[in-house]
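Protein chains: 2
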Amino acid sequence: MSLSAEAIAQTAKAAFEASQLVSAAERTRALLEIRKELEANKDAILKANGEDMARAEAEAAAGRLASPLVKRLDLRTGEKWDTMLQGVTDIASLPDPTGTITYARALHDNLDLYRVSCPIGVLLVIFEARPEVIVNIAALALKSGNAAILKGGKESARTAAELARTIQSALARTALPEAFIQTVETRAEVTALLSQDQYIDLVIPRGSNALVREIQHSTRIAVMGHADGLCAIYLDESADREKAKRVVVDAKIDYPAACNAVETLLVHQSLLETIWPDVADALLVANVKLLCDEPSLTALTASSSSPTNRPIATLIKTHVFPAAPEAYKTEHLSLTLAVRTVPSLAAAIAHINEHGSHHTDCIVTESAVAGSTFVRGVDSAGVFVNASTRFADGFRYGFGAEVGISTGRIHARGPVGLEGLMTYKYVLKSQGEGGHIVGEFGREPGKKLYTHQPIEAELTF
Amino acid sequence: MSLSAEAIAQTAKAAFEASQLVSAAERTRALLEIRKELEANKDAILKANGEDMARAEAEAAAGRLASPLVKRLDLRTGEKWDTMLQGVTDIASLPDPTGTITYARALHDNLDLYRVSCPIGVLLVIFEARPEVIVNIAALALKSGNAAILKGGKESARTAAELARTIQSALARTALPEAFIQTVETRAEVTALLSQDQYIDLVIPRGSNALVREIQHSTRIAVMGHADGLCAIYLDESADREKAKRVVVDAKIDYPAACNAVETLLVHQSLLETIWPDVADALLVANVKLLCDEPSLTALTASSSSPTNRPIATLIKTHVFPAAPEAYKTEHLSLTLAVRTVPSLAAAIAHINEHGSHHTDCIVTESAVAGSTFVRGVDSAGVFVNASTRFADGFRYGFGAEVGISTGRIHARGPVGLEGLMTYKYVLKSQGEGGHIVGEFGREPGKKLYTHQPIEAELTF
Numbered sequence: 010m011s012l013s014a015e016a017i018a019q020t021a022k023a024a025f026e027a028s029q030l031v032s033a034a035e036r037t038r039a040l041l042e043i044r045k046e047l048e049a050n051k052d053a054i055l056k057a058n059g060e061d062m063a064r065a066e067a068e069a070a071a072g073r074l075a076s077p078l079v080k081r082l083d084l085r086t087g088e089k090w091d092t093m094l095q096g097v098t099d100i101a102s103l104p105d106p107t108g109t110i111t112y113a114r115a116l117h118d119n120l121d122l123y124r125v126s127c128p129i130g131v132l133l134v135i136f137e138a139r140p141e142v143i144v145n146i147a148a149l150a151l152k153s154g155n156a157a158i159l160k161g162g163k164e165s166a167r168t169a170a171e172l173a174r175t176i177q178s179a180l181a182r183t184a185l186p187e188a189f190i191q192t193v194e195t196r197a198e199v200t201a202l203l204s205q206d207q208y209i210d211l212v213i214p215r216g217s218n219a220l221v222r223e224i225q226h227s228t229r230i231a232v233m234g235h236a237d238g239l240c241a242i243y244l245d246e247s248a249d250r251e252k253a254k255r256v257v258v259d260a261k262i263d264y265p266a267a268c269n270a271v272e273t274l275l276v277h278q279s280l281l282e283t284i285w286p287d288v289a290d291a292l293l294v295a296n297v298k299l300l301c302d303e304p305s306l307t308a309l310t311a312s313s314s315s316p317t318n319r320p321i322a323t324l325i326k327t328h329v330f331p332a333a334p335e336a337y338k339t340e341h342l343s344l345t346l347a348v349r350t351v352p353s354l355a356a357a358i359a360h361i362n363e364h365g366s367h368h369t370d371c372i373v374t375e376s377a378v379a380g381s382t383f384v385r386g387v388d389s390a391g392v393f394v395n396a397s398t399r400f401a402d403g404f405r406y407g408f409g410a411e412v413g414i415s416t417g418r419i420h421a422r423g424p425v426g427l428e429g430l431m432t433y434k435y436v437l438k439s440q441g442e443g444g445h446i447v448g449e450f451g452r453e454p455g456k457k458l459y460t461h462q463p464i465e466a467e468l469t470f
Numbered sequence: 010m011s012l013s014a015e016a017i018a019q020t021a022k023a024a025f026e027a028s029q030l031v032s033a034a035e036r037t038r039a040l041l042e043i044r045k046e047l048e049a050n051k052d053a054i055l056k057a058n059g060e061d062m063a064r065a066e067a068e069a070a071a072g073r074l075a076s077p078l079v080k081r082l083d084l085r086t087g088e089k090w091d092t093m094l095q096g097v098t099d100i101a102s103l104p105d106p107t108g109t110i111t112y113a114r115a116l117h118d119n120l121d122l123y124r125v126s127c128p129i130g131v132l133l134v135i136f137e138a139r140p141e142v143i144v145n146i147a148a149l150a151l152k153s154g155n156a157a158i159l160k161g162g163k164e165s166a167r168t169a170a171e172l173a174r175t176i177q178s179a180l181a182r183t184a185l186p187e188a189f190i191q192t193v194e195t196r197a198e199v200t201a202l203l204s205q206d207q208y209i210d211l212v213i214p215r216g217s218n219a220l221v222r223e224i225q226h227s228t229r230i231a232v233m234g235h236a237d238g239l240c241a242i243y244l245d246e247s248a249d250r251e252k253a254k255r256v257v258v259d260a261k262i263d264y265p266a267a268c269n270a271v272e273t274l275l276v277h278q279s280l281l282e283t284i285w286p287d288v289a290d291a292l293l294v295a296n297v298k299l300l301c302d303e304p305s306l307t308a309l310t311a312s313s314s315s316p317t318n319r320p321i322a323t324l325i326k327t328h329v330f331p332a333a334p335e336a337y338k339t340e341h342l343s344l345t346l347a348v349r350t351v352p353s354l355a356a357a358i359a360h361i362n363e364h365g366s367h368h369t370d371c372i373v374t375e376s377a378v379a380g381s382t383f384v385r386g387v388d389s390a391g392v393f394v395n396a397s398t399r400f401a402d403g404f405r406y407g408f409g410a411e412v413g414i415s416t417g418r419i420h421a422r423g424p425v426g427l428e429g430l431m432t433y434k435y436v437l438k439s440q441g442e443g444g445h446i447v448g449e450f451g452r453e454p455g456k457k458l459y460t461h462q463p464i465e466a467e468l469t470f
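Order-wise, the sequence lines are chains U and Z. The opening residue of the first sequence carries number 10 in our numbering; numbering runs sequentially from there. The opening residue of the second sequence carries number 10 in our numbering; numbering runs sequentially from there.
Heads up, a few of these hints could be off.
[Said to hold, decoys possible] Far from chain Z, some chain U residues (derived; all Cβ distances over 12 Å):
1) Ser-102
2) Asp-249
3) Glu-251
4) Gln-278
5) Ala-311
6) His-328
7) Ala-355
8) Phe-383
[Claimed, not checked] What follows is a list of derived Cβ distance ranges for each label pair:
9) Pro-463(Z) with Ala-311(U): 46 to 52 Å
10) Thr-323(U) with Ser-204(Z): 38 to 44 Å
11) Gly-455(Z) with Glu-35(U): 28 to 34 Å
12) Lys-456(Z) with Ser-343(U): 36 to 42 Å
13) Tyr-459(U) with Gly-87(Z): 42 to 48 Å
If you're looking for bench data, these hints aren't it; they were derived computationally from the structure. As the structure is a computational prediction, the values presented were derived from the model and not from experiment. Each residue gets a CB set at the ideal place from its N, CA and C atoms; glycine is no exception.
Starting from the given sequences, assemble the full structure and let the hints guide the process.
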């Protein structure tokens, strides 16, 4: 018997509210119970995973599913199973993100105000393919105190169902409501859940640009995540040759399908005959296809006909093409890079703000002033100086866990860790005689004045 | 010649981007220029205000406009003009909310990550009636570095136009683009602007519940604010009689039309014959109408027939009525209070989470455990112990300025000051030889490991 979307959402909210009196220690214990239960159910889970794999392989053989997707389903080979278990332990050992006091003031004698971090409420998380994400998200939700409704990809349905059952049995041994983590299986359920803004507080889509954009356009609930990752690197007038080569090549080839891979290279015009041919060499040798504007293309052609016998000479015909205007608006997600010549730092900043996706952008420069101007002027979640855009990642930033990367400016921006799953509440405690009332405050004689003294945060919450 | 909504929004975004290189000091100077220009234009502004007033008075006389609204338009009497000017100076003197570092880690030697506060982008602020709000919001936008598009009430159109012209002339004497603050005059423009999610980052409606709800339902842009303010006070088993009386009466009568006035009183059943009649007395004497559930009503009737001759005896017929179920879902905004008896603290928490608007709720108790349970269990922006709900206010909290009060859980919650108008960006600075690339990091021998050492925040931004 399956519940209606409204019942699922309402149950999740009730579970969230009931969980407010459960301690953080108990939530952490629930994570360890989940790990234990996963170990106990390993055979059943991997058997289900085998069935998903067999079906996916048949679909792939029939040309109805892309092969890389099949590989992403696999929980049985390599270190994937152990990594999944380790992830649960890692999240369990992170500091408790609830109860952190971020503002504390005495409004007057015996009247203390605290701003305390607390979970947001009910999360709806939608993802594709990789079945271990269900465990990862359940762990993040438990650690942060948010109830969650999870929907995985249909290709991993059997594995996901087995994982969900495992999580439920583990939760049954804790003080948390079992409905704290729920899963749904169909696209129709997700569509219905997206209209439950009365109960669901945040939607986190993790998947293709198309998935994210569709969800952003079909709900009134706040959506956290990113569609495009259109990152740029600007080679400033004062760029160092080696830094330019290393940073651009790494940002492009380290993992071209990632959202933080570079898609656009902006080259200051003064570098066309100096650094640019070297950077292009390094990219071409790494099998990168270059879509160039007219000046950068001309510079390469000129350079390739020089007697120094650059690799360019042989690769230019197969790997270098004129850029169409769309090239600068396209997330290639492959070994393709759009190149554009700019007359100034200001033009680079303007290009990025207009064409980019406000994800992560980088300047290669030896000038502190140019670096600082770029950092201020570029309106993106990440603004880097002489470092690869690939550093934009919650683990690399030191968050210990990553929910996703947000290109929104509201709530959380950039890589999102547990902190991004928190909100806060204001706690006002009166310990005065007769309680505190605003009628006693004012500018008139005999009235009290607000003191707003910073206080030591000592609230046990 | 008036611009299209798209052109207005696009111009605002361009002004925002251009302003990123303008210093905070220059933005503060702009505030002082605005104050100067307001003083210089005082006569013209107050003349326009007189015209708005005359028209509004005629509308009111014809029964087409509520009289309190006419009063709210007035900039000419009392201290309103001076208060408006002082508000600009006060906001100018607040600390700069931009450039605050909230996370700083060395990812490795010479690779430093900073999370730095910065403005969100373009705000669309919609408000009603009081024309001085335009100056207040313009000042908040300038201080926080956000570009703003403002729309006031049609009743104050002449005053608003004059104030907007004044702000523009002041901005023309600064390094900021004049389009940093724009105003629009028609409802149709607002409707068109609500679909400009490409350029507008945050909508802040300040006005009636109907206005806020309509806007929340007609845009994909994030909306910050609140519709209902359905605040409750719970009198716990261990409540102190005097605290109960003082806090409840203040929360109800101090300013009944405010969103933080109490609308529901929950009484623990053990208090029905002890504290409750005294609290009711105090409310009735203050001319409050009580909508009571059966037990609280019976208790009052019994109490009124006792020989102690309480004021209840005379007021009960005119001021006490049985509560319909809707009473607990209604924001009365008047001297009316819904009263319900609850069997336990848990029932009080459940009532508030289900019926309330997650704005501000209070417990009156002498028990630290009950206070802490209430604070954890009630899922509201403000959770108070023995203090009037009327304290929920940015100025009272010590923020210096208030944008509004948010009942959302995403981004900002509760009273919102300048901090609620900020987002952040991650700045990653490499000062290493050859820049930094992720390809050099990993677990393999010879690769670098992330260190994530906390560092002193020394970024000049």
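Earlier hints that do not hold, by number: 2, 3, 7, 8, 10, 11, 12, 13
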